[in-house]
Amino acid sequence: MTLPGNARLTVHPLKSKGDGAALNTLLFRYEDLSFIRAYPGHSALFHDLKPGHYRIVYLFPDAEYALLDSILVQGGGLNYFATDSLAVFLPDSFSLRCHRFFERKYDLRDLPGLDELKDIHLQSLSSNDTYHLECFVFDQMGVPVIGANVVLKRNGVFGNRRRY
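Under our numbering, the first residue of the sequence shown is numbered 1, with each subsequent residue one higher.
Keep in mind the hints are simulated off the structure, nothing from the lab.
No experiment lies behind these values; they were computed from the predicted model shown.
Take the hints with a grain of salt, since some may be wrong.
So the derived label-pair ranges between C-beta atoms look like this [stated by the list, open to error]:
id	residue 1	residue 2	range
1	Gln140	Gly76	31 to 39 Å
2	Ser34	Leu3	14 to 22 Å
3	Leu45	Ser70	16 to 24 Å
4	Ala44	Val143	19 to 27 Å
Cβ coordinates follow ideal geometry from the N, Cα and C atoms, glycine included.
Turn these sequences into a full structure, and let the hints steer you where they fit.
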């Protein structure tokens, strides 16, 4: 059921990563870090979403995962998101912890369990996995910006090691 003003989201055509279907699907909302939903299997239709930006994570049996990032959901209707490629990432600390979580938990409606998943997500967001880089930074006019510090952080919660 979708409340008035909220929306539905359908994602296509993601069925699997080639050698296996997703075991679980996680849905996060950028504007509300406490928002998390967990679905069994590969879910492609999500109901009762507030307008905002979402991230979908598909977890596979081998702790690899795929993500769809920065999905804009507008209120009051059906939103459609399609992609022609599914980037599959190698296991990292986030996906391994989620994998262990789902091995222990069987009821996705278990609220304390969702709190544990939320903690895994928030810890990954605040991870100190950063790299410092010395470089030249220029403004739009080509003038050097003096004293600019550039910090490269991995792709949000997730590493950037892809499976090829």
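Structure-based check of all given hints:
no.: 1; hint: Gln140 - Gly76: 31 to 39 Å; in the structure: holds, 37 Å
no.: 2; hint: Ser34 - Leu3: 14 to 22 Å; in the structure: holds, 18 Å
no.: 3; hint: Leu45 - Ser70: 16 to 24 Å; in the structure: holds, 19 Å
no.: 4; hint: Ala44 - Val143: 19 to 27 Å; in the structure: violated, 48 Å
Against the hints set out earlier in the document, a violation occurs for number 4 only.
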